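Colleague: So you can see what is in the structure, the chains are spelled out below.
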Amino acid sequence: MSVLVYTESEQGHFKKAALEVASYAKAVADQLGTTVTAISVNAADTSVLGNYGVDKVLHVNNDKLNSFNANAYANVIKQAAENESAKVIIISSSADSKYLAPLLAVGLNAGYASNVVAAPSSTSPFTVKRPAFTNKAFENTQINTEVKIIGVSNNAFGLVENSGSASAEDFSPAIPEFAVNVESVDKATDKVTIADAEIVVSGGRGLKGPENWGMIEELAEVLGAATACSKPVSDLGWRPHSEHVGQTGKPVASNLYIAIGISGAIQHLAGINASKVKVVVNTDPEAPFFKAADYGVVGDAFQVIPELIEKLKAFKAQQ
Amino acid sequence: MKILVCISHVPDTTSKINFTEDNTKFDANGVQFVINPYDEFGLTRAMWFKEKQGASVDVVNVGGPETEPTLRKALAIGADAAIRINTVATDAFSVAKQLAHVVSNGGYDLVIAGRESIDYNGGMVPGMLAALTNANFVNSCIGLEIDGTSAKAVREIDGGKETVSTSLPLVVGGQKGLVEESDLRIPNMRGIMMARKKPLTVSEPVEASPETQSVSFEKPAPKGAVTLVSPDNLDELVSLLHNEAKVI
Ligand SMILES: Cc1cc2nc3c(=O)[nH]c(=O)nc-3n(C[C@H](O)[C@H](O)[C@H](O)COP(=O)(O)OP(=O)(O)OC[C@H]3O[C@@H](n4cnc5c(N)ncnc54)[C@H](O)[C@@H]3O)c2cc1C
Ligand SMILES: Nc1ncnc2c1ncn2[C@@H]1O[C@H](COP(=O)(O)O)[C@@H](O)[C@H]1O
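Protein chains in written order, with my numbering: chain A, 918 to 1236; chain B, 28 to 275.
It is worth saying that the hints were derived from the structure and are not from the lab.
As the structure is a computational prediction, the values presented were derived from the model and not from experiment.
The reader is advised that the hints may include incorrect statements.
[To be verified] Below, in silico cross-link-like pairs of lysine to any residue (SDA-like), each with a Cα-Cα straight-line distance of 20 Å or less:
| no. | chain 1 | residue 1 | chain 2 | residue 2 |
| --- | --- | --- | --- | --- |
| 1 | B | 225 | B | 48 |
| 2 | A | 1108 | B | 189 |
| 3 | A | 933 | A | 1078 |
| 4 | A | 1208 | B | 272 |
| 5 | B | 179 | A | 1101 |
| 6 | A | 1228 | B | 245 |
| 7 | B | 273 | A | 1108 |
| 8 | B | 246 | A | 981 |
| 9 | B | 77 | B | 174 |
| 10 | A | 1004 | A | 950 |
| 11 | A | 981 | A | 1108 |
[Claimed, not checked] Over 10 Å on every C-beta distance to chain A, these chain B residues come out as not near it, computed from the model:
| no. | residue |
| --- | --- |
| 12 | 131 |
| 13 | 166 |
| 14 | 172 |
| 15 | 216 |
Here a beta-carbon is modelled for each residue, glycine too, at the ideal position from N, C-alpha and C.
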């Protein structure tokens, strides 16, 4: 009856989102008076999960699962859920987890709520809060099935440390044949991704041209942030499409979002509003972004950003 | 190849969102509805398959009569026929069940849906539909080629993309990249005239009970005014982000 959490890893290491969903699972398990079991695939060392409230780890080690396959992974989690008689399953909002979740939901006849932003407000009936209308509102959703799947929004719950320890058990589920096969992967492995980042530094058309992105990248580097951009910037080919954020681009739910030379059009804000703290740097005090931001600098990015980089370097050196 | 494009009927992003009946119902009053942007990319890609590979393209919506103008717009863009399943779309699972029935009965080879709908932002229907119809599934699809019964798709992953090979029958959850913004089509007069004569079939729903239920809505707490920092005093910004916001 324990709460099952799928803790994702990459090249053997748990993603930050895995530790966050483990923290969330612990909170739900406390509400239900039960324990947390994690299912992990090809992780090198599972002991860290104990620090985030996991009691037991079902550890799968299988080379067939080296590349992600939504159907196979959903199947593995389903078998783990059945093994544990889990009634609540927690996953993250990574691209992979969102891909497998609906398959898992059908497989387990489970109701699924995605992008959940807080611990359940009630467990009977089981009620969770999630954004709707592209962050313009929240919906309180009740899950009425016996088995429930909760997808937790990135950075919504945070990491909650715990002084427990997790026992590990080898788990050898049956792996179905793959019907979707990865041919090639094109991914920068040395950069923080927008999905995982706690801080995102984003540039807009106000930066005038791609040659001016050096300072954006430097600022991101100082902060350990991911870089992003507005839609016109990617449309103009100044930056890759994978950096385009907003309603038609990637959603951002970081702790800090820094918008530089971005006007703050509603379609842009729709995609980044889930970020907790927003900073805008813009020459135009009338730019709509100032209404959405927590902190603002009315000023020229070409002066403000290099100076901000220096100040931040000094700050980091002091820490 | 028979293609079905799933069309979600959603408020335009610029709409003001309000709720009625003690914050339990979305207030559609005065709201302009559009084809879900992710579905529009998919529909436009379907038009390419129609024109270049001779595919037939139907569109489907699960919803009440109010969604018909949205389906007519899809016909004006070039779809051959539209189907409306006459029931209120409650949760993703029951919508997927209705769509599964249409897919199985219609013998569709390829189903193109959107990565998520911009109203309830579930991102659930395409995957559930794939599971219910035993079709292969590619989510966050940003590129799709079909050759006979083989498919090559590009999927967006966190931090990049990957190319996958699979086969029909296939369901994709699509987004920008399937086509570019500049490929989107505004229906012309001829398209609109022709759309009036194209079939829009209304079917009654099959039995499907929802698994989740929306109990109430709330608006985000009103945001306080922005704290302005002078460009000559960026130390203050660093200090605010560290001490007040606690994000660095
Ligand atoms: C259906 C639809 C979907 C869309 N989806 C998205 C989306 O997902 N994401 C998205 O971003 N947009 C989206 N858009 C576009 C959106 O409406 C805006 O056009 C876009 O966000 C504007 O980008 P921008 O702020 O970079 O450029 P602009 O609006 O041109 O703003 C540039 C800003 O830079 C400021 N500036 C100029 N010089 C400087 C300087 N030296 N220093 C500092 N500031 C300076 C200006 O004051 C201005 O505010 C969508 C539009 C539609 C219709
Ligand atoms: N009521 C509906 N009718 C037809 N298709 C739908 C409906 N709701 C969702 N879809 C499809 O499923 C996709 C994802 O929706 P959702 O799971 O609701 O985020 C949409 O982009 C549509 O393609």
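Colleague: With the threshold set at 20 Å, check whether the alpha-carbon distance from residue 179(B) to residue 1101(A) stays at or below it.
Modeller: Roughly 11 Å separates the two Cα atoms, so the pair holds.
Colleague: Hey, is residue 131(B) genuinely clear of chain A, shortest beta carbon separation above 10 Å?
Modeller: holds, 15 Å
Colleague: So if I understand the rule, the pair passes when the alpha-carbon distance is 20 Å or less; does residue 246(B) with residue 981(A) pass?
Modeller: violated, 45 Å
Colleague: Taken at face value, is the distance from the CA of residue 1108(A) to the CA of residue 981(A) at most 20 Å?
Modeller: violated, 26 Å
Colleague: Would residue 216(B) pass as off the interface with chain A, using Cβ distances and a cut of 10 Å?
Modeller: holds, 27 Å
Colleague: Given the hinted pair residue 273(B) and residue 1108(A), is their Cα-Cα distance within 20 Å?
Modeller: Status violated; Cα separation ~23 Å.
Colleague: Are residue 1004(A) and residue 950(A) close enough, with their CA atoms no more than 20 Å apart?
Modeller: OK: residue 1004(A) and residue 950(A) at ~13 Å, within 20 Å.
Colleague: Quick check for students: does the CB of residue 172(B) sit more than 10 Å from each CB in chain A?
Modeller: Per Cβ check, residue 172(B) is outside 10 Å of chain A; nearest 12 Å; holds.
Colleague: Holds or violated: residue 1208(A) and residue 272(B), Cα atoms, limit 20 Å.
Modeller: Answer holds: residue 1208(A) to residue 272(B) is near 17 Å, not above 20 Å.
Colleague: Between residue 933(A) and residue 1078(A), is the straight-line Cα distance small enough, at 20 Å or below?
Modeller: Roughly 13 Å between the alpha carbons, so the hint for residue 933(A) and residue 1078(A) holds.
Colleague: Please settle this one: residue 166(B) was flagged as non-interface, so is its CB more than 10 Å from every CB on chain A?
Modeller: violated, 4 Å
Colleague: Regarding the pair residue 225(B) and residue 48(B), is the alpha-carbon distance no greater than 20 Å?
Modeller: Violated, because 38 Å separates the two Cα atoms, which is more than 20 Å.
In the structure shown, a violation is registered for the earlier hints numbered 1, 6, 7, 8, 11, 13, in ascending order.
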